[in-house]
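Based on the sequences and whatever the hints tell you, model everything.
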Amino acid sequence: MSSLRGKIAIVGIGEVPTGRFPERAAIYHAIESARQAIKDSGIDKNLIDFVMPTAALFSPQFNTELVTCRIAEELGLKNAKTNCQIFAGGSSGSCFFKLGGSAIESGIAKYVLCVHADRLGTGVTAQGGIDLFSTAGISAEWEVPYGQHYSSIAALTTMRYQYETGCTDEHMAAVCVSNRKWAELNPNAVFRKPLTIEDVLASKVLSTPLRAKQSNMLFDGGSAFILTSAERAKDITDRPVYFLGEGSRVTHFVFSQERDITRFGWAEAGKDAFLEAGLTPNDIDVAEIYDSYPIYQIITMEELGFCDRGQAGELHLAGDTWPGGRLPTTTNGGMLSQGHTGAGGGVALVVEAARQLMGKAGARQVPGARFAVETGTGGTYMDAHVTILGTEIP
Amino acid sequence: MDKPKKPVPIVNDWARPFWEAARQNKLTVQKCDDCGKHIFYPRIACPHCASDNIRWVEASGKGTVYSYTVVENNAPSAFIGDMPYVVAVVKLEEGVQMLSNIVGCDPHRVRCDMPVEVVFEQLDDEFTLPKFKPVSA
Chain A
1 MSSLRGKIAI
11 VGIGEVPTGR
21 FPERAAIYHA
31 IESARQAIKD
41 SGIDKNLIDF
51 VMPTAALFSP
61 QFNTELVTCR
71 IAEELGLKNA
81 KTNCQIFAGG
91 SSGSCFFKLG
101 GSAIESGIAK
111 YVLCVHADRL
121 GTGVTAQGGI
131 DLFSTAGISA
141 EWEVPYGQHY
151 SSIAALTTMR
161 YQYETGCTDE
171 HMAAVCVSNR
181 KWAELNPNAV
191 FRKPLTIEDV
201 LASKVLSTPL
211 RAKQSNMLFD
221 GGSAFILTSA
231 ERAKDITDRP
241 VYFLGEGSRV
251 THFVFSQERD
261 ITRFGWAEAG
271 KDAFLEAGLT
281 PNDIDVAEIY
291 DSYPIYQIIT
301 MEELGFCDRG
311 QAGELHLAGD
321 TWPGGRLPTT
331 TNGGMLSQGH
341 TGAGGGVALV
351 VEAARQLMGK
361 AGARQVPGAR
371 FAVETGTGGT
381 YMDAHVTILG
391 TEIP
Chain B
1 MDKPKKPVPI
11 VNDWARPFWE
21 AARQNKLTVQ
31 KCDDCGKHIF
41 YPRIACPHCA
51 SDNIRWVEAS
61 GKGTVYSYTV
71 VENNAPSAFI
81 GDMPYVVAVV
91 KLEEGVQMLS
101 NIVGCDPHRV
111 RCDMPVEVVF
121 EQLDDEFTLP
131 KFKPVSA
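Chains as they are written, first to last, in the working numbering: chain A, 1 to 394; chain B, 1 to 137.
Since the hints were derived computationally from the structure, they do not count as laboratory data. Keep in mind that a hint or two might mislead.
To be verified - Restricting the straight-line Cα-Cα distance to at most 30 Å, the calculated cross-link-like pairs of lysine-lysine (BS3-like) are:
| hint | chain 1 | residue 1 | chain 2 | residue 2 |
| --- | --- | --- | --- | --- |
| 1 | B | K31 | B | K62 |
| 2 | A | K81 | A | K98 |
| 3 | A | K110 | A | K45 |
| 4 | A | K204 | A | K39 |
| 5 | B | K131 | A | K204 |
| 6 | B | K6 | B | K131 |
| 7 | A | K271 | A | K234 |
| 8 | A | K204 | B | K6 |
| 9 | B | K5 | A | K204 |
| 10 | B | K133 | A | K204 |
| 11 | A | K98 | A | K360 |
| 12 | A | K45 | A | K81 |
As structure tokens, this is what we get:
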């Protein structure tokens with residue numbers, strides 16, 4: 001819980017298509033996303049006084065450029081006072097609110113440009129990506145020597161969860177199908193062809209019971225948004241996206257040290273966020289849930305209280321989470337269908353939540369969306385971040 | 001083409017006794033003499049009560065499979081030749097958890113909550129990894 005409820009707001013969003021763009025320098029994804037966000041907000045670029053990039057993983061050289069003010073210079077931000085990287089892996093998008101919001105509320109900054117870009121689709125090979133994610137965030141002493149990697153981690157969670165709840169492979173596949181239905185409507189998504197449960201279950205096994213089409217894939221991409229005070233936001237736009245509440249928990253570094261790999265810290269994080277917002281899951285119009293693998297979307301929704309434990313798979317099978325459903329979920333298609341861009345998977349979900357609340361989601365617009373929840377988690381699901389946003393301050 | 005070398009544990013110096021014991025086919029964990037809890041992985045102080053009063057003890061080597069997976073595709077480079085292999089989280093009788101591999105059985109015979117016991121696999125001259133096999137009936 002924080003004291004930021006109703007004090008800060010998103011006033012502009014930007015995003016470039018996710019995909020493989022071998023001819024495009026990584027910095028393009030950052031500056032084009034940022035440029036779009038500035039244009040969307042309608043503010044003069046020189047009002048931005050804090051540039052807050054998150055980290056890129058494909059190249060230490062590129063990441064250093066993000067740290068050393070390249071974005072401010074490329075965009076010609078004449079009044080930038082601070083450029084400081086905020087990085088919490090997949091939780092970075094959620095952390096932008098905590099740190100950027102605090103800078104605004106304290107008066108350190110007036111307009112914070114939050115931005116992500118990476119080139120994990122063309123900057124590393126497919127096997128290079130697997131190898132990168134068999135070491136990044138995985139304990140070099142206690143897990144790397146046993147052949148641990150992100151697919152086996154998701155599989156360990158899925159296996160135990162299915163064992164405890166009786167949920168089936170079809171339930172897991174239904175998450176992929178649901179997210180794909182949204183991606184079909186998202187011009188920035190990589191995977192836009194219709195997908196069936198049969199397609200998912202016919203794809204090759206990676207680590208039992210996880211299959212290839214239940215795994216995210218890595219791509220190039222970028223997204224950005226602009227934070228300012230709620231007071232300033234009202235003068236800038238008639239559709240500010242207000243920050244209403246947050247909650248989070250850190251649970252582990254070494255994955256195998258997690259005491260319950262089917263729950264993590266979502267229940268407590270969610271309780272804090274809803275309490276601060278003064279809302280319940282019933283009030284939520286759109287849920288942007290971190291979905292690097294289907295199991296994490298399922299667990300998060302259950303632990304947040306959108307349904308009982310063991311029931312989220314049914315929601316996805318029955319169409320409640322689809323376009324036109326009762327609980328529109330991960331409406332950009334998520335990392336499973338829009339594509340995973342590293343820390344940007346979570347930033348894209350923040351941007352999508354804002355897009356829906358601003359009424360700018362085009363063919364996939366959830367009519368009359370007032371309240372959204374966004375979740376992020378980093379590393380090997382080391383933390384649980386829940387953020388609640390709204391078009392009004394209830 | 002040369003096969004990529006298996007990654008060896010990058011050892012924190014206070015964990016050295018664990019790896020020295022493993023080389024002698026012994027599974028050890030730490031125990032706090034103040035709060036009485038077992039500790040794994042090795043720490044410089046008790047993560048439960050912050051006491052410095054911790055010592056090494058030999059573990060029973062028995063536990064159960066908390067969760068497991070059979071890696072069949074897309075393994076890290078150094079493990080491609082091992083597929084299919086089992087990655088598992090094992091809960092030891094002492095109450096601590098560790099990642100390991102389940103060996104000595106058909107990978108698809110492994111189940112959650114299955115009883116297992118420690119075996120040792122030499123990685124190179126310096127390192128021996130504790131792994132687990134199903135407890136024979």
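Checked hints:
| no. | hint | in the structure |
| --- | --- | --- |
| 1 | B:K31 <-> B:K62 | holds (17 Å) |
| 2 | A:K81 <-> A:K98 | holds (19 Å) |
| 3 | A:K110 <-> A:K45 | holds (12 Å) |
| 4 | A:K204 <-> A:K39 | violated (43 Å) |
| 5 | B:K131 <-> A:K204 | holds (27 Å) |
| 6 | B:K6 <-> B:K131 | holds (15 Å) |
| 7 | A:K271 <-> A:K234 | holds (29 Å) |
| 8 | A:K204 <-> B:K6 | holds (25 Å) |
| 9 | B:K5 <-> A:K204 | holds (26 Å) |
| 10 | B:K133 <-> A:K204 | holds (27 Å) |
| 11 | A:K98 <-> A:K360 | holds (25 Å) |
| 12 | A:K45 <-> A:K81 | holds (13 Å) |
Going through the hint list in order, the structure does not satisfy hint 4, though it satisfies all others.
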